[in-house]
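These are the residues of each chain, in order.
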Amino acid sequence: MIELKNINYTYGGGTTQQIHALKDVSLQIPDGQFIGLIGHTGSGKSTLIQHLNGLVKATSGDILYNGQSIYAEGFSMKGLRSKVGLVFQYPEHQLFETDVFTDVCFGPKNLGLDAEEIRARAREALDLVGLDESYDKVSPFELSGGQKRRVAIAGVLAMKPDVLILDEPTAGLDPKGRDEILDQVAKLHRERGITVVLVSHSMEDVAKYVDRIIVMNHGQVAFDGVPKEVFRHYQELETMGLAAPQVTYIVQALRAKGFPIGEDITTVEEAKAAILQVVGGKR
Amino acid sequence: MIRDITIGQYYPADSLLHRLDPRVKLLGTLVFIVSLFIADSWLGYVLAAAFLALMIRLSNVPLKFMLRGLKAVMILLLISVGFNIFLTDGEHVLLEFWIIKITWEGVKQALFMGTRLIFLIMGSSLMTLTTTPNQLTDGLETGLGFLKKIHVPIHEIAMMMSIALRFIPILIEETDKIMKAQMARGADFETGGLIQKAKALVPILVPLFISSFRRATDLAMAMEARCYNGGDRTKMKPLKYETRDYITYVVFAIYLALMILVGRL
Ligand SMILES: Nc1ncnc2c1ncn2[C@@H]1O[C@H](COP(=O)(O)OP(=O)(O)OP(=O)(O)O)[C@@H](O)[C@H]1O
Ligand SMILES: [Mg+2]
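So the sequence lines, in the order shown, correspond to chains A and B.
Per my numbering, the first sequence starts with residue 1, numbered consecutively.
Per my numbering, the second sequence starts with residue 284, numbered consecutively.
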């Protein structure tokens, strides 16, 4: 459980160009949830998630990890970072080792585990992202963009975090690569029961997977709830430069025309079922 | 931490110094540096300090910001001061034991050297703080344009400089990002001995080099795609002297003359 209490953060303290990136953000992230964090460019998503593992220290406010303040004297940041795994935007830019396997070993090695355990974890993490042994000895710089990203994600998974935070893991991937990565994350969530925070621009991506959506706007939490609740505010979302999934619009248009369809539909499958029911009923 | 390096950074503000023609500032900085080497007495250094203080006052750059830049070169400063204290020979011995001998001349020399270095760094960072990299290279290119006559590729040099300067903040940002990414993977840059600390740099340096090469290739490609071939380009905003620029030249000339007169007294 991670708890944020009135977090404020200002970039460039002490210079002329101050940016108030987070304004009084309070959140609770219970164990085992799959959360989508959504917001327009510059809304403060990346800044917010860097607080969760202590990479950025809040200007004011407090963060509790399992009830303990992470800013307290003597709190182990390294311990926190092994429990809260953070995959950065374009994580492939952080690869540096001569081969894929060694690179994935970097995280567990920093945790001070023994060699056996390090290798086992690296292998397991690579399997989780769908890269088999044939990739082990390949230089990470010879892989495709999507493969590099998997290696980078595996590098964080190998630390076996309880909370996995992914900052736009699908940016710049084709639809197939995007679905594969998201499906793997969802599987991880299901099978291991870890908490996942998925940062994204796209409601479409997120709607399919998450239990809860947090919408950020200008450094503040604008909406926080289950997807259908949030999508009900699709008009407000638009003013924030976001959009609800396209099916929402079809459903709303049909409702406006007087078709008796429930308004809580968020995925294409649900819409299909509902429309078939209505159309079938008329025939 | 890494953002403390202010050399080569631009501080956006509106001030007389910001508005001056870059050629004036370049030549002015050169004059100031020369004046520091002319100065060889307390009076000379007081004059230089007063002049520098005036310039900082006119620039609207907070002193705090300038001092932060000094922190980055502290080690260099300490080394040169140390050398001067311990290695200068003289008559008035202040302290002597074993092979260490500190003389009054040495202390004086070290003080002058230290002050000179500090002024030098502050003077030149004042120029970069008040001049955008673009203006700076524009100024260099126009100011040194006469060298083209003897086939010095001044445009190419200016272009390289402006690209290098432009990349400093980008690289700083990139370093910050990569450091954070590796810290998220449990990397530790603070503890351990010297060798361990050096080793800890590998996960930062390798990605940094790779991304620099990537950026360089991208930039070269983008320049070629826009038919850049160096050489004769016209400017959108050609540099033009204003009255304030002439006045500043005169001020610098007076300062230099004063320094020559009293700097060695
Ligand atoms: N290193 C930095 N220095 C100064 N300002 C920054 C820095 N990083 C981000 N900002 C500013 O903070 C605000 C929030 O940025 P942040 O990166 O958190 O946005 P984001 O929601 O992740 O955007 P994106 O979707 O584009 O990744 C922006 O206004 C940005 O300009
Ligand atoms: Mg971001």
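Keep in mind that a hint or two might mislead.
To be verified - Which bits of chain B does chain A cover? Going by a derived footprint, with three or more residues having C-beta under 8 angstroms, they are:
1. 461-468
2. 490-501
Stated by the list, open to error - With a cut-off of at most 25 angstroms between alpha-carbon atoms, the simulated DMTMM-like pairs for lysine to aspartate or glutamate come out as follows:
3. Lys463(B) to Glu133(A)
4. Lys463(B) to Glu97(A)
5. Lys480(B) to Asp99(A)
6. Lys482(B) to Glu116(A)
7. Lys57(A) to Asp471(B)
8. Lys109(A) to Glu507(B)
9. Lys83(A) to Asp459(B)
10. Lys482(B) to Glu73(A)
11. Lys460(B) to Glu116(A)
12. Lys78(A) to Asp459(B)
13. Lys460(B) to Asp167(A)
14. Lys109(A) to Glu473(B)
15. Lys482(B) to Asp114(A)
16. Lys460(B) to Glu97(A)
17. Lys460(B) to Asp162(A)
18. Lys463(B) to Glu236(A)
19. Lys463(B) to Asp162(A)
20. Lys23(A) to Asp459(B)
21. Lys176(A) to Glu116(A)
22. Lys482(B) to Glu117(A)
23. Lys160(A) to Asp24(A)
24. Lys83(A) to Glu388(B)
25. Lys482(B) to Asp24(A)
26. Lys78(A) to Glu457(B)
Quick caveat, the hints were computed from the structure, so don't treat them as lab data.
We put the beta carbon where it would ideally sit given N, CA and C, even for glycine.
Right, here's what the structure says about each hint:
Check on the segment 461-468 of chain B: 7 of its residues sit with their Cβ under 8 angstroms from a Cβ of chain A, so the three-residue criterion for coverage holds. Beta-carbon proximity to chain A at under 8 angstroms applies to 3 residues in the segment 490-501 of chain B; the threshold of 3 is reached and the given coverage holds. Distance hint between Lys463(B) and Glu133(A) is unfulfilled; the C-alpha atoms sit about 29 angstroms from each other, more than 25 angstroms. A C-alpha spacing of about 17 angstroms is found between Lys463(B) and Glu97(A), which places the hinted pair at or below 25 angstroms, so the restraint holds.
Taking the CA atoms of Lys480(B) and Asp99(A), the gap is near 22 angstroms; set against the 25 angstroms cutoff, the hint holds. As the CA atoms of Lys482(B) and Glu116(A) are separated by approximately 23 angstroms, the hinted pair is consistent with the 25 angstroms bound. Among the hinted pairs, Lys57(A) with Asp471(B) is consistent with the structure: their alpha-carbon atoms are about 17 angstroms apart, no more than 25 angstroms. Annotation: proposed proximity of Lys109(A) to Glu507(B) is violated, straight-line Cα distance about 44 angstroms (limit 25 angstroms).
Pair hint Lys83(A) plus Asp459(B) holds up; C-alpha atoms about 22 angstroms apart against a cutoff of 25 angstroms. A distance of roughly 28 angstroms separates the Cα atoms of Lys482(B) and Glu73(A); the hinted pair therefore is violated under the 25 angstroms criterion. Taking the CA atoms of Lys460(B) and Glu116(A), the gap is about 31 angstroms. The hint is violated against a cut of 25 angstroms. Between Lys78(A) and Asp459(B) the CA atoms are separated by roughly 18 angstroms; this keeps the pair inside 25 angstroms, and the hint holds.
Restraint check for Lys460(B) and Asp167(A): the C-alpha separation of about 13 angstroms stays at or below 25 angstroms, so the hint holds. Restraint check: the Cα-Cα separation between Lys109(A) and Glu473(B) comes to about 17 angstroms, which is no more than 25 angstroms; the hinted pair holds. Distance hint between Lys482(B) and Asp114(A) is fulfilled; the C-alpha atoms sit about 20 angstroms from each other, no more than 25 angstroms. The hinted pair formed by Lys460(B) and Glu97(A) meets the criterion: a straight-line CA distance of about 18 angstroms does not exceed 25 angstroms.
With a C-alpha separation of about 23 angstroms, the suggested pairing of Lys460(B) with Asp162(A) holds against the 25 angstroms cut-off. For the given pair, Lys463(B) sits about 34 angstroms from Glu236(A) by alpha-carbon distance, which is inconsistent with the 25 angstroms threshold. This hinted pair checks out: Lys463(B) and Asp162(A) have alpha carbons roughly 19 angstroms apart, not beyond 25 angstroms. Distance check on the hinted pair: Lys23(A) and Asp459(B) sit about 23 angstroms apart at the alpha-carbon level, within 25 angstroms; holds.
For the suggested pair Lys176(A) and Glu116(A), the alpha carbons sit about 35 angstroms apart, so the restraint of at most 25 angstroms is broken. With a CA separation close to 23 angstroms, the supplied pair Lys482(B) and Glu117(A) stays within the 25 angstroms bound. The suggested pairing of Lys160(A) with Asp24(A) is violated, with an alpha-carbon distance near 31 angstroms, which exceeds 25 angstroms. The suggested pairing of Lys83(A) with Glu388(B) is violated, with an alpha-carbon distance near 60 angstroms, which exceeds 25 angstroms.
Simply put, Lys482(B) and Asp24(A) have alpha-carbon atoms about 39 angstroms apart, too far for the 25 angstroms limit, and the pair is violated. The straight-line distance between the Cα atoms of Lys78(A) and Glu457(B) is roughly 22 angstroms, inside the 25 angstroms bound, and the hint therefore holds.
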